[in-house]
Every structure is written in C-alpha cells, then in structure tokens.
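Student: Sequence:
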Amino acid sequence: MGTEKEPHNDDEKAVYATQETEQDLSTGECTDFQVSPEAERRLLRKLDLVMLPTMGICYMLQYMDKLALSQATLLNLRQDLGLIGNQYTWCSVVFYFGYLAGSIPTSYLMVRLPLGKYVSTSVFLWGGILMCHAACQNYGGLVTARFFLGVGEAAVAPGFGLITGMFYKREEQPARQAAWFIGNCIANIIGGVVAWGIGNSASGLQSWRLLFLVLGGITSGYALILFFILPDSPAKASFLSESERTIAVQRTLQNKTGSAAVTEEFLWDQVIDAILDPQAWLLILYTFCVNLANGGLTSFSTIIIAGFGYSNFESLLLQMPMGLCQLIFLILTALIATYIRSSRIMSMILNVVVSVIGVVLIYTLDDSQKVVKLVGLCFVATFAANIPLSLSIITSNVAGTTKRSMLSVSLFIAYCVGNIVGPQFYYASQEPVYSSGIEATVCGLVLGVFFLGCLFVYYIWENKRRDRRHGVMNEGLDVHELVEEQNRKTDRQIPGFRYTI
16 MGTEKEPHND DEKAVYATQE TEQDLSTGEC TDFQVSPEAE RRLLRKLDLV MLPTMGICYM
76 LQYMDKLALS QATLLNLRQD LGLIGNQYTW CSVVFYFGYL AGSIPTSYLM VRLPLGKYVS
136 TSVFLWGGIL MCHAACQNYG GLVTARFFLG VGEAAVAPGF GLITGMFYKR EEQPARQAAW
196 FIGNCIANII GGVVAWGIGN SASGLQSWRL LFLVLGGITS GYALILFFIL PDSPAKASFL
256 SESERTIAVQ RTLQNKTGSA AVTEEFLWDQ VIDAILDPQA WLLILYTFCV NLANGGLTSF
316 STIIIAGFGY SNFESLLLQM PMGLCQLIFL ILTALIATYI RSSRIMSMIL NVVVSVIGVV
376 LIYTLDDSQK VVKLVGLCFV ATFAANIPLS LSIITSNVAG TTKRSMLSVS LFIAYCVGNI
436 VGPQFYYASQ EPVYSSGIEA TVCGLVLGVF FLGCLFVYYI WENKRRDRRH GVMNEGLDVH
496 ELVEEQNRKT DRQIPGFRYT I
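According to this note's numbering, the stretch in the sequence shown is residues 16 to 516, in order.
There's no promise every hint is true.
Straight-line C-alpha distance at most 20 angstroms; calculated EDC-like pairs for lysine to aspartate or glutamate [as the list claims (entries may be wrong)]:
1) LYS61 - GLU257
2) LYS184 - GLU53
3) LYS385 - ASP292
4) LYS251 - ASP63
5) LYS61 - GLU259
6) LYS184 - GLU280
7) LYS251 - ASP382
8) LYS385 - GLU329
9) LYS251 - ASP292
10) LYS184 - GLU329
11) LYS251 - GLU55
12) LYS61 - GLU186
13) LYS479 - ASP292
14) LYS132 - GLU280
15) LYS184 - GLU55
Treat the hints as calculated values from the structure; they're not laboratory data.
Between the sequences and the hints, there should be enough to build the whole structure, so can you do that?
Tutor: In structure tokens form, the structure reads like this:
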C-alpha cells in the first residue's frame, strides 16, 4: 500500500483526494474530491475577476457595433449612400439573416472545437467586417457587409452562455450571466457619447465611416486579448492552478447538465430530444415574440427619439437613459433571481410587463409630452434584461452538451427571426412615429408574457411529476454517478434532474 502525499501549500490543503485519480482532467472528468468552502470561495472570486470583465467588455463592444448602424443614420449615412424607401430597414434586418446563417454551423462547431478559441476568432472577424462598412459606397455594399457582420457575431452570446454554465453552479449562474450582460447596458450608455464625439470631430472622412473604423478596430484588437484569456473549459483554464482547475471541474458536477470536456461527440439523439422538449419550444416562442420589439428598438430608437422633437446629436446622447434603465432592471432581476427561490421566470415576466407599460406611454401620449415619451422608451428597453436569465435557464435546465448547444443556438435563431420580422412593421411612410411598429411591439411583448407563464406552469408540473415517480431529488449523488449521467444523457433522461424555476 502506497503512502499518501502530504499537502504543502494552501491550495493543496484545500483539495485532498479520497482516492487516486482515475481520469485525466482534460477529459472533463475527475474523481471524488472534497473541497473546503474557503478554497471554493477563493476560486469563485478568481473566476469572477477574470471571466466576467473579459466577457462583459466583449459583449459591450458587440452591442456598440450593433448600434452603430442606427447611430450612423444620424450622421448622414442614408443620404451619402442614397438609401430610399425601406432600404435602410433591409440593411438592418439582413444582419439577422447573417446571424441566422452563422448560427447553424455554430451549434456544431461550439461542440467540436475549443470553445474559447472559436469565440475569440469570431470576434476578430466581426471587428474586421465592421471596419469594411466604412468602404461601402451604395446599398448593395452595405447590405453585404451587414450580412457578414451577422455571421461573425453568431457565436458570441451562445458561447458565453455555455462557458458560464461550465464554470458556475446553477444558483450562481443568473448573477454571472447578468454580470457580463451589463456590457450591453454600458454600450447603450456610452455608445451614444462615442458616436456624438466622432460626429463632432474634425476629420476629412465622413463621420459615419470613421465610426465604423474606430469601433471595428477596437473590437478586432480586443479579440487578440480574448484569444489568450477566454478558456475553452474549466480543465483548460490557463489562469487557474492545477488544484484550482480540479475544484472548478468538481464543483459544477452537481449541475447535472453535462461534463466540461474540451471536445465532445455530437450526439444526434440529443438533437431529437431537444426537438421534442416542450421547454425548448416555449423558450423559442417567447424569444421570437419579444424580439419583434427588439428589432425595431435597435434599428429605429435614435429616429424615434428624434421624432419626439430632439435634434440628431441630442438623440445620440439620449440613448444613455435607455441603457441606465436597462442596467437598473438587470441588476434588480439578477439579485431577485439569485436570492429568492423560484423567481427567475417571474422576474422575466415583470420586466416584460414594464416594457408593455413603456410602449403604451409612447403610443398614447401626444408630442407635447416628449420627456414622458422618452421615459416610456426607456421602459421598453427593460425586456432586454431578460437575456441573461434566458441563458441561465438553458445552462441550468438543459442537460447534455449537444442538446444544450442546440437549444442555445435555437434561441438565437428565434432571436434572429424576431429581429427580422419586427422591423418590417416600421414603414418609412410612418417615420418617425411608426404606429404599426409600436402596435407590433405591444403584441409581441404580450405574447411573450403568455409563453413565460406557460413555461412556469410546465416546470412546476414536470418537477411534481418526477417527484411522484422517482421520489424527492437526491442532492448527494456520487461523483462518478454524476459524471456517467452527464456523458450521454439529457435532462429528460436523468431521474434526479429537477428544473430550476
């Protein structure tokens, strides 16, 4: 019988093996380790300090790039390129056709390739494509650039969602998903200031071209940093020590949502399971409906603000309150979802209801009450705070790496389709009021509340059904049993799995 190795430092003391290692960490599996609370807290702080700012900055740049087209309209893009009729609308929505096209291979490649490297490469390409916008001379060139920009951005949000699920426990995920999504709110706050500054700069280049060059260059430069920092999995996180990587793999096994292997087999039976899963369709329908509102808000918000009676440059700056309102509701709902049990879906419903109130204010008030209408527009933006909660539902409630990847991408396909359909109700002849667009927004948000309510009821019913059939969930499953469950099984096939509401 061999003698056990004595631990010599704090990290080694924090983790001690109850039996010899049987699986290499590179497979995403480990044997029984007991982790001290102090070591786990230390690891969690390190993950938060490295992972969340890294993803948050990237997500901020993504949304600033997405807003750039709307901002460019106030910097004379439409006049310089001779856009007429609904050509601007199509320049907006073709981005989501590209996103849709990119999502199809992304669902496969995120499983087969090192995830962090794949996402980083996508970020680099999208930054370069955004810079190409500055070279556009006509409608055809802009449409082409917008399509490929969508292809480049398709991997980022689903990839970040999967990475968060790999590194954090189910109860930790809502706050962490919200933390990197704060970048979206910050982009709304500072994006208008950046566009305003570029618009007022003394340059021989047209302001909208300079805007695309600056934002695209920053994005591609940041991608180089992202390539070396963003990990592929807990077992391959270069900023963690070997013992910390062991803890990182071990602590998330209780999620029962899939192993953290770097490269997984693509399992077609999990694809079928995703297609037959009621929660998948309810999430997809909800996502489509609320993004009828998002498509118009992203593409036409600056034009709508100008229609309230503000100047073009004032309209750029007045995007800031929208971002601030979104940030407040994001933090509020993340805290509620983290500290109040079974509150995720109800928090999402609250945000959408606030958005409905905002749309009603815009639609019913006359032009003399432009400040109140601006407040209403800020309220409309609050539904976007649900995106990290939607992603946390996937990472918490979907087991099986292939199934989780498929559903994550499916949600973003629904996101794309909603963003494609939504702007079609914003007719150029109705500018800047867009009454048809506002009506479509109300319908989409109300249907979104309905599908969230159905999802809430389904989770309660399914958890009770499993309790009756299999007994109350066992929190103390053996680590080897958990790893085996995760290798090929989905949430619908694991008896001990219960859905987080």
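Student: Taking the hints in turn, state whether each one holds.
Tutor: Each hint, compared with the structure:
About 14 angstroms separates the Cα atoms of LYS61 and GLU257, which keeps this hinted pair within 20 angstroms; it holds. For a cut-off of 20 angstroms, the pair hint linking LYS184 to GLU53 stands: about 16 angstroms separates their Cα positions. Distance restraint check for LYS385 and ASP292: the Cα-Cα separation of roughly 45 angstroms exceeds the 20 angstroms cut-off, and the hinted pair is therefore not satisfied. Taking the CA atoms of LYS251 and ASP63, the gap is about 17 angstroms. The hint holds against a cut of 20 angstroms.
The suggested pairing of LYS61 with GLU259 holds, with an alpha-carbon distance near 10 angstroms, which does not exceed 20 angstroms. Annotation: proposed proximity of LYS184 to GLU280 is violated, straight-line Cα distance about 23 angstroms (limit 20 angstroms). Among the hinted pairs, LYS251 with ASP382 is inconsistent with the structure: their alpha-carbon atoms are about 57 angstroms apart, more than 20 angstroms. Between LYS385 and GLU329, the direct Cα distance comes to roughly 13 angstroms. Compliance with the 20 angstroms bound is thereby established for this hinted pair.
Using a Cα cut-off of 20 angstroms, the hinted pair LYS251 and ASP292 is violated, with the two alpha carbons roughly 32 angstroms apart. For the given pair, LYS184 sits about 43 angstroms from GLU329 by alpha-carbon distance, which is inconsistent with the 20 angstroms threshold. Proposed proximity of LYS251 and GLU55 is supported: the alpha carbons are some 18 angstroms apart, at most 20 angstroms. A distance of roughly 18 angstroms separates the Cα atoms of LYS61 and GLU186; the hinted pair therefore holds under the 20 angstroms criterion.
For the proposed pair LYS479 and ASP292, the alpha carbon gap of about 17 angstroms is at most 20 angstroms, so the pair holds. About 18 angstroms separates the Cα atoms of LYS132 and GLU280, which keeps this hinted pair within 20 angstroms; it holds. A distance of roughly 11 angstroms separates the Cα atoms of LYS184 and GLU55; the hinted pair therefore holds under the 20 angstroms criterion.
The structure shown violates the earlier hints numbered 3, 6, 7, 9, 10.
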